[in-house]
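**Q** Sequence:
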Amino acid sequence: MYTQSRSSPDGRSPGSSGHQSRPGNSHTAPRPQGQHRSPSLGRKNSASSMSMENIQSLNAVYNTGMSSYIDPIGSPTHVPRSGRSSPLRSPAASGHSRSGSFGGSPLPARGSSPNLPASSSADTVTANMASQLPHSHELRQVRDNVMVDLQSQTKEMQRENSALRKEIEIKEGKLQSSMNSIKTFWSPELKKERAIRKEEASRLALLKEQLRVTSEENQHHQLTIQALQDELRTQRDLNQLFQEGTVKPGTSSSQSDLDYETLWSENERKNKELFLLRKTVEELEIRIETQKQTLSARDESIKKLLEMLQSKGLAMKSMEEERGDYDRVKSKMIEAEAKVTHLESSLEQRDRDINNLKEELLKYSDNSHQLRSHGSHSHHHMQRNGQQNDLPKVTALQAIIESKEKKISQLEKQLREFEEDLMSLRSNGAVSSEEREEEVKQLEVYKSHSKFMKNKENGRYTSDDCNSSPPWENATPLSPRAEAFVLEKIDQLKSELNKKETEMLTMQTKVDTMHNQLKDQQQHIDVLKESLAAKEEHSKILSADIDSMRMRLEEKDQLLDKKNKQISSFSSEKNKHSSELTEVKDMMDIKERKITVLQRKNENLEEQLKDKDKQISTMKERVKSLQQDTSNSDSALITLEEALSEKERQIDRLKSQRERSEGERQEEQDNLTKENKELKDKVETLQNELAENQSNLLDLKEHASSLASAGLKKDSRLKQLEIQLSQKTEEVNELEMQVKRQARQVRAAKESVEQAAANKEAAEKSGILEDQVKQYRDEVTRSQQEVDRLLEILKEMENEKHEKDLRIRELERQMRDSNKKLGAIKHREQTEKKKNAQLLEEARKHADDQSESSQQMQSFVRQKEDRIEELEEALRQSVNITAEREMLLAQTQAGKQTVEKQVEELTQEIDRMKKHLQATNAKLASTSLSLQEKEDRLAQLRADRKKQLLEVMEMKQEALLAAISEKDANIALLELSSSKKKKTMDDVAALKREKDQFVQQLKQQNQNRIKLMHDNFDEEMNGSSVTDGQGPSPDQLLGMLEDLQEGQRKLKAYIDHLVALSLEKDKTLLEGLPRTQQDEVRSMEKLKELDYNELLEEYRRHEEDNASLQLYADTLLQRIADHHPDVLERVVMALEGAG
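Counting in the working numbering, the sequence shown runs from 154 upward without gaps.
Keep in mind that the hints were calculated from the coordinates and are not lab data.
By construction, the Cβ of each residue, glycine as well, lies at the ideal position given by its N, Cα and C atoms.
Any given hint might turn out to be false.
DSBU-like, lysine-lysine: derived pairs with alpha carbons at most 35 Å apart [said to hold, decoys possible]: (1) Lys744 to Lys948; (2) Lys827 to Lys754; (3) Lys754 to Lys833; (4) Lys709 to Lys1145; (5) Lys1135 to Lys1109; (6) Lys688 to Lys327; (7) Lys800 to Lys927; (8) Lys1017 to Lys998; (9) Lys1135 to Lys1145; (10) Lys718 to Lys957; (11) Lys1100 to Lys1164; (12) Lys688 to Lys351; (13) Lys954 to Lys718; (14) Lys1109 to Lys927; (15) Lys456 to Lys927.
Each pair of labels, with its calculated beta carbon distance range [claimed, not checked]: (16) Ala1122 to Pro1187: 57 to 67 Å; (17) Arg422 to Gln502: 42 to 52 Å; (18) Pro1187 to Ala686: 43 to 53 Å; (19) Ala316 to Lys663: 19 to 29 Å; (20) Tyr1245 to Lys1087: 57 to 67 Å; (21) Lys457 to Leu1223: 30 to 40 Å; (22) Leu964 to Lys1067: 30 to 40 Å.
Can you build the whole structure from these sequences, using the hints too?
**A** This is the structure:
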């Protein structure tokens, strides 16, 4: 039967290579064999020609595909796992269909999906069979059975599809959880740290690139300078040739013109290049400044992140490594700045060289013009004589010109390369590195997700294909007619069903692909949203850091402005006092000069009077001689007597004038002496006051800032007045000289009058002279009034100074009052503390007394209870005696009442004592709370003071280090300069002296800082101990021991760093310093096992070890500071790391 079923009605084998072969083992039409392809179908049958959408559609078809085996009756037989079924066919045909499948998945019919070749074999078979076989009732029944079978198989496949979808959803959930874990792994803090490190790395790369560009620019400048020097040499050669007069004038002049024009154009071009290079250098400087600012902001953010990491309990090693990275970046920045300054200096030097070359070019151009004129004159002579000697010179000039053109082309190429480098740097700097990295990360995440999903789907498909069973295992033989009939009907139904299913599946696959794409896009959007949120948080943190830094900078600027104002006010006050002293001294000198001038005037007038007396005596003698000689001529005598009387009257007038002038001068001299004495007294008082004010200036600098401007104005006014006084004194001296000259003229006139007795002109001249003397006296009085006015101004200044002194004293008194109030407040606080301590002691004593009284009462109550029991026993014993029993009962009742009263009184007393104890406890709690608040406030103030001191020391230290680095850079620049002049050597020596001074200051600053840290450590240790009279508890001792161990560990690390530095720099520093031997440090578990006395011993031992380590570190640091001050910066860094 099996052999018969393989033959077809038309005699063709089913497994032949014709196009009328039966379909394969699936519900889709089989593909033709690889060796029998149609020539019109030239597409490749491989996975490379299929897109991702087609592969997904084929996978979906495979998941929802179905087929069944048909028995002769028409009942379906299902394959349990893969759901495949097939009619009976030959093994060759089955193998053929399996070889045509792609990846184990059956292919759809023609037109089901793109990029797949179609087969026409099923169409031809169904057409032939439809033409041969009629329709009947059996066909309907078979069709109905096949439809039912197909429906059941579709339901089963749908169930399997839903199960597979659930599995896919589970796997997607697992994938989503893994992606979430990956996202949570990239936390914002780690992202921030990585971003900060990447930014620093990118900045370092930019700085390196800038340094490389500047070095290339320097090389370009060197090449240009060399080219200019070569051109100068060639120009000199040309000038020599022109001077020799051996070159043809026409050609040489034209060539020289061309050379000069080329040189001039090249010079202008190089000037433009230098201008562009300077612009680029300025832009680089601006970028470096902006990067400095950003680095300072990043430094603050890094410090805050380090504090956050400390609070979260991260290890110190990572912090130290980050600090080391930060310090390395800082040192690299300093080196880059030094290199930039060096390059700037080299650029300036090259600019100077280029300017010198320009001047030389101008000189040579002038020489060449002269040579041209000379060549035009000697043109005819050279044409006649030097035609044969011109050829080698002309060739030499042509070679020189060619070399110049080559150099010009090389320089133009270098300029183009430089411009391209600049453009590339600017374009690269436009996009930030963070955005690129974020985009690359997102693309990688998206690609990894898509690859993972593809691998999962391909793995499932291959596993399903491997688990499928061969289609011919459950086949049963059929008759050829039934087989043909069934095959025809099945082919018709399957072709229609395949068309619909393929359309449905393609739509489903498209929907699935769109759904997957939407999911991927949604995930991508979520990732972008998370990255945006992280960036916003980072920007908020940075903005908060920037605001805090701005606030701190503003506060520090305000403090610096206040201090600068105080310093300026103090300096202005000091200058004011010194100017007042100098003014007073100058006034004293002026007065002394005036006194000496007046004394000289008096002496001159006395000499004049003596001369006049002598003249009078001579005139009398002459008169007597004339009387003896002219006794006969009475008329002559009368005239002479009249003349003599007139002369006597004139002499009397002159004497009276002299007496008046002498009296006035004497009065002026007395007034001036008095004023001189007063001024000397004032100067002494001012000097005493100035000594007192100088002692108080340091305390009162803030209140003198407002008076600085007024003092400066008054100083300028006083200087103007001094200038006017000097002018007036000069005028007075000139007037005095004129008076002397006029007095001499008067003497000459008088002599002429004596010679010519009745000379009216002499009298007129004497009157004119007298009027001039009066004018001069008026001018002297005016100058005296000006001096008085200046003295009044001086008095006003003294009054203002006195008012200022009074204000200063009032301020001092207010300061003293405030200090007294502070002392009173402190005294009150101390008295309150003492009262609180007394109240505590009294409360304790009272509680002890109450406890003793309660014990006494309890013992008394017990005694009474014992007595009552005895009486009751006696009553029991004495039942028969009634009288005694009544008496005993009365006694017992009375005793009981008294005991009850006493018990009630005792309970009341106990309640009263309890209330009092509660009140005292409440008071004690309030006082302890207030004391705790005050102690907390004091600790906060100490911490603020420590923080401020450390900040001030850090600022001073940074300023000193910056000054030292600046001096080192200046010294290096001066030493690198080739000039060994005396001025440069003196500058280097002065810079070294200033550097040594700064180093000494840095040493002192480091010592002060170490001392401050040591004092703070001692204060913390003293503060941690218990101060209430009792010893510390074991828990407190354990905490103190832990702090000591931590400090000892930091100190050891600091000492190890110092030893490493000394070994690196100078091994002789460690000579004479034996390393201290410390006992092994116990762990906290072992310390907890010790008792109280052993803990105290361990604490004392740790204190001794810390003291010895501190002494060792101080001595080693002192040696390093004495021998190698340049290592102090590294020592300070180590100190910060240890602190």
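**Q** Next step is simple, just say for each hint if it's right about the structure.
**A** Against the structure, the hints:
no.	hint	verdict
1	Lys744 to Lys948	16 Å, holds
2	Lys827 to Lys754	20 Å, holds
3	Lys754 to Lys833	25 Å, holds
4	Lys709 to Lys1145	31 Å, holds
5	Lys1135 to Lys1109	34 Å, holds
6	Lys688 to Lys327	28 Å, holds
7	Lys800 to Lys927	21 Å, holds
8	Lys1017 to Lys998	29 Å, holds
9	Lys1135 to Lys1145	15 Å, holds
10	Lys718 to Lys957	18 Å, holds
11	Lys1100 to Lys1164	15 Å, holds
12	Lys688 to Lys351	15 Å, holds
13	Lys954 to Lys718	21 Å, holds
14	Lys1109 to Lys927	71 Å, violated
15	Lys456 to Lys927	87 Å, violated
16	Ala1122 to Pro1187: 57 to 67 Å	58 Å, holds
17	Arg422 to Gln502: 42 to 52 Å	21 Å, violated
18	Pro1187 to Ala686: 43 to 53 Å	50 Å, holds
19	Ala316 to Lys663: 19 to 29 Å	23 Å, holds
20	Tyr1245 to Lys1087: 57 to 67 Å	30 Å, violated
21	Lys457 to Leu1223: 30 to 40 Å	39 Å, holds
22	Leu964 to Lys1067: 30 to 40 Å	58 Å, violated
Against the hints set out earlier in the document, violations occur for numbers 14, 15, 17, 20 and 22.
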